[in-house]
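Colleague: Fit chain B to the known structure of chain A by using the hints.
So the sequence lines, in the order shown, correspond to chains A and B.
Residue numbering for the first sequence follows this note's numbering, starting at -15 and increasing by one per position.
Residue numbering for the second sequence follows this note's numbering, starting at 112 and increasing by one per position.
Think of the hints as simulated: they come from the structure by calculation, not from any bench.
A hint or two may mislead.
To be verified - From the structure, some residues in chain A lie toward chain B, with a derived Cβ separation under 10 Å:
1) Gln(-10)
2) Ala18
3) Asn26
4) Ser27
5) Ser33
6) Ser36
7) Lys40
8) Phe49
9) Val71
10) Cys74
11) Val86
12) Gln89
13) Gly90
Even for Gly, the Cβ is constructed at its ideal location relative to N, Cα and C.
One letter stands for each residue in the lines below.
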Amino acid sequence: GQQVKQSSPSLTVQEGGISILNCDYENDMFDYFAWYKKYPDNSPTLLISVRSNVDKREDGRLTVFLNKSGKHFSLHITASQPEDTAVYLCAARISSSFSKLVFGQGTSLSVVP
Amino acid sequence: EAAVTQSPRNKVTVTGGNVTLSCRQTNSHNYMYWYRQDTGHGLRLIHYSYGAGNLQIGDVPDGYKATRTTQEDFFLLLELASPSQTSLYFCASSPDWGGNTLYFGAGTRLSVL
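Looking at chain A on its own, in the form it has when it is part of the complex (with noise of 0.2 Å):
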């Protein structure tokens, strides 16, 4: 089955809102979470990352919050701009063996003025 799932495959906000990316996953051994970017016909890039040690990371615009409990975890962007415009992955894996990163099915935001 899909280890990481974001359920939402496209996304719309506002210039100035907050965008909030979902996902989900389903192995508790998961420890080490990551948001990936894509532009159209480019290449992914790590965007942001976190292990499971900690609730919440900030860098910039961007906000990732874990939900252990709920094996959740999102990708807040405040201030959102066209140039957020992109494919968003989600991705988790288990730091502590050589395990494989396992992406989920991505959702396209479009950050529209």
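Modeller: Same frame as chain A, but now just chain B:
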């Protein structure tokens, strides 16, 4: 920043054809990965390697072979291409095992007619 170069960028072949996708990274990373990206599936891991001569099976390996000839070079081979292998293929490398931070190439778009 890690440099990962994929070739070709685009490839068209026919059903039953023989295709080799190439990936070279020049940052002395030990770990290399081949993913395919399809709408609704996100990134799915085909094969990966933690050094020259090593090969590990990913989540969707059927119909693919791979070979890691040197630390720098990782090849993906489709010996009898099928239309279901039409996809966007990404190579990635990482400096640490397990791939906490993946550096992706620009992608190869493959069409199997």
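Colleague: Hint Ser36/A vs chain B: min CB-CB distance below 10 Å?
Modeller: The hint is violated - Ser36/A has no Cβ within 10 Å of chain B, the shortest such distance being about 13 Å.
Colleague: Let me know if the C-beta of Gly90/A comes in closer than 10 Å to any C-beta of chain B, holds or violated.
Modeller: 5 Å, holds
Colleague: Take the shortest C-beta to C-beta distance between Cys74/A and chain B; is it under 10 Å?
Modeller: Holds. Min distance 9 Å.
Colleague: Hint Val86/A vs chain B: min CB-CB distance below 10 Å?
Modeller: 8 Å, holds
Colleague: With a cut-off of 10 Å on the beta carbons, see whether Gln(-10)/A makes it to chain B.
Modeller: 7 Å, holds
Colleague: Is the interface hint for Phe49/A satisfied, with its Cβ closer than 10 Å to some Cβ of chain B?
Modeller: Hint violated; Phe49/A Cβ to chain B Cβ min 20 Å, cut 10 Å.
Colleague: For the restraint on Gln89/A, tell me whether the closest CB of chain B is nearer than 10 Å.
Modeller: 4 Å, holds
Colleague: Classify the hint on Ser33/A as holds or violated, based on whether any CB of chain B lies nearer than 10 Å to its CB.
Modeller: 7 Å, holds
Colleague: Hint check: is the beta carbon of Asn26/A less than 10 Å from a beta carbon of chain B?
Modeller: At 7 Å from the nearest chain B Cβ, Asn26/A passes the 10 Å test, so the hint holds.
Colleague: Using the nearest Cβ pair, does Val71/A come within less than 10 Å of chain B?
Modeller: 9 Å, holds
Colleague: Is the interface hint for Ser27/A satisfied, with its Cβ closer than 10 Å to some Cβ of chain B?
Modeller: 4 Å, holds
Colleague: Under 10 Å, Cβ to Cβ, is where Ala18/A needs to be relative to chain B, so tell me if that hint holds or is violated.
Modeller: 8 Å, holds
In this structure, the earlier hints numbered 6, 7 and 8 are contradicted, and the remaining ones agree with it.
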